[in-house]
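Enquirer: Spelled out from the first residue to the last, the chains are:
Protein chains: 4
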Amino acid sequence: MAEIEMIEYECELRVRYADTDAMGIVYYSKYLEYFEVARTEMLRACGLPYAELESMGFYLPVMDASIKYYRGARYDDMLRVRVSMPSNPSPRLSISYRVMDAATNELLAEGTTTLAFVDAKTGKPTRPPERYRNALREWNNKTSTA
Amino acid sequence: MAEIEMIEYECELRVRYADTDAMGIVYYSKYLEYFEVARTEMLRACGLPYAELESMGFYLPVMDASIKYYRGARYDDMLRVRVSMPSNPSPRLSISYRVMDAATNELLAEGTTTLAFVDAKTGKPTRPPERYRNALREWNNKTSTA
Amino acid sequence: MAEIEMIEYECELRVRYADTDAMGIVYYSKYLEYFEVARTEMLRACGLPYAELESMGFYLPVMDASIKYYRGARYDDMLRVRVSMPSNPSPRLSISYRVMDAATNELLAEGTTTLAFVDAKTGKPTRPPERYRNALREWNNKTSTA
Amino acid sequence: MAEIEMIEYECELRVRYADTDAMGIVYYSKYLEYFEVARTEMLRACGLPYAELESMGFYLPVMDASIKYYRGARYDDMLRVRVSMPSNPSPRLSISYRVMDAATNELLAEGTTTLAFVDAKTGKPTRPPERYRNALREWNNKTSTA
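Protein chains in written order, with the numbering used here: chain Z, 1 to 146; chain A, 1 to 146; chain V, 1 to 146; chain R, 1 to 146.
Don't read these hints as lab results, they were simulated from the structure. Each hint should be verified, as a subset may be incorrect.
Any copy, or any two copies together, can satisfy a pair, since identical chains are not distinguished.
Claimed, not checked - In silico DSS-like cross-links for lysine-lysine, where the CA-CA straight-line distance does not exceed 27 Å:
id, residue 1, residue 2
1, K68, K121
2, K124, K68
3, K121, K142
4, K142, K124
5, K68, K142
Produce the complete structure using the sequences and hints provided.
Expert: Structure follows, in structure tokens:
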């Protein structure tokens with residue numbers, strides 16, 4: 001089957017006081033940190049913690065990011081971040097995010113980021129490590145047989 | 001003359017150690033803070049400090065943001081942020097940013113944000129204050145006669 | 001019994017990439033955010049979420065903070081923050097913190113903060129609300145009968 | 001002459017919206033960032049930019065920090081940070097800070113940090129580089145002849 005499955009993951013996190021600003025809502029750049037938390041946990045769930053990628057000599061810098069804000073989250077709100085990414089082993093990871101109020105399910109923000117594998121020493125773009133491609137393959141097998 | 005002039009402004013800021021991450025470059029969300037610094041100074045240069053808008057009962061929350069990263073800035077780099085926005089008094093401010101290495105002029109990142117006037121009490125979208133429209137009008141007059 | 005019991009609480013949190021700096025360790029100010037997370041959860045566990053205190057018209061600004069750093073935490077480390085505070089209903093909360101590597105139990109940092117009840121409207125110091133003193137009293141009763 | 005001169009430096013910085021929290025004042029950990037900006041500029045003024053120290057193979061991690069808060073700074077406030085340190089070439093830098101409202105000279109916060117030279121490769125404490133001791137010596141000579 002030629003179709004590319006989507007890897008999907010969901011995690012919860014609580015808004016810190018440090019995240020808020022004088023408008024009483026979460027400062028707009030903080031959502032990119034929430035995105036980071038969510039994709040980190042997604043990669044871990046795929047069997048490939050990002051910290052391990054780094055120790056193998058790879059970095060995954062962000063190439064671009066975009067975000068739309070619908071309603072500002074507030075201090076102590078519990079948020080649910082839904083993150084998804086195509087499961088093909090591309091050198092670029094196109095990741096989508098939806099941030100929801102965990103209590104009401106209201107959509108607060110949504111966005112995308114593109115990450116690229118680079119060699120940690122040279123900083124140059126590089127192919128994803130074999131270990132990463134295997135992790136995605138396994139994930140796909142598990143999903144299609146399920 | 002029907003053409004809408006662009007307001008342009010440029011400011012410099014230095015990368016703090018706090019801005020960097022374990023890759024040795026500026027963490028990706030920090031550029032949105034740099035954008036904030038630049039648009040704050042642009043509004044001040046237009047004769048309308050953002051703090052004054054707040055004391056008049058307005059907020060200018062960000063509705064969306066997008067950014068492309070070309071090369072990571074490093075600790076202690078001096079950055080130049082060029083910011084521009086159409087001078088028509090719309091309830092939505094469409095602002096563009098270019099972040100450059102001030103020493104080499106290399107483009108490091110560029111992006112956009114949309115901000116909208118809301119009533120600070122109700123949180124509802126609202127017309128920009130008279131004071132803001134006047135400031136833009138004056139800015140336009142000064143520019144066209146120059 | 002005249003002795004003042006200590007309220008103790010422990011929570012875990014994971015180091016984000018956003019928390020690290022170019023030395024490869026957590027930036028020194030971030031521990032104060034970890035302190036905030038820990039005391040927020042301690043207050044919640046005492047039956048008095050901080051968000052509720054705010055909605056009752058109180059703020060709890062920090063009056064002072066101190067911290068010693070023993071070893072830098074790294075990206076993706078799971079940290080355990082142990083927080084404690086005397087259970088007497090003082091207008092000043094003297095809170096102590098110990099940050100440990102959750103995997104090895106190694107002490108990474110320890111510190112203190114003092115917080116004070118202020119009236120959210122006037123910003124002036126004020127007595128803690130009845131609701132807060134009751135929460136501590138209940139906590140003490142539960143503990144001494146246990 | 002046995003007396004140790006104090007190196008003193010002063011810089012100004014403006015409070016960003018990103019620095020504020022839902023209380024409408026600067027979040028308490030942000031002052032440690034302001035401290036970093038001030039000591040960075042003090043070292044640069046001494047003829048020894050911190051970035052240069054790093055490129056020579058040294059890190060200067062923070063060993064401890066303490067701070068007292070007197071009044072919360074607000075968005076767009078211009079702050080003056082006065083920083084001072086003994087000019088003897090110790091492996092530990094004991095630095096003091098005073099944060100003032102630049103407009104009124106009111107003291108908002110004051111604190112201290114201790115930094116220590118470590119070898120960037122091993123992470124072990126080490127003697128300050130010759131280059132650093134020379135910079136302080138020159139600074140002292142300039143000051144005493146002045």
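Enquirer: Please go over all the hints and tell whether each is borne out by the structure.
Expert: Going through the hints against the structure:
no., hint, verdict
1, K68 x K121, "between (34 Å within a copy, 22 Å between copies)"
2, K124 x K68, "between (30 Å within a copy, 17 Å between copies)"
3, K121 x K142, "neither (34 Å within a copy, 42 Å between copies)"
4, K142 x K124, "neither (33 Å within a copy, 46 Å between copies)"
5, K68 x K142, "neither (33 Å within a copy, 35 Å between copies)"
Comparing the model with each earlier hint shows violations of hints 3, 4 and 5; every other hint is respected.
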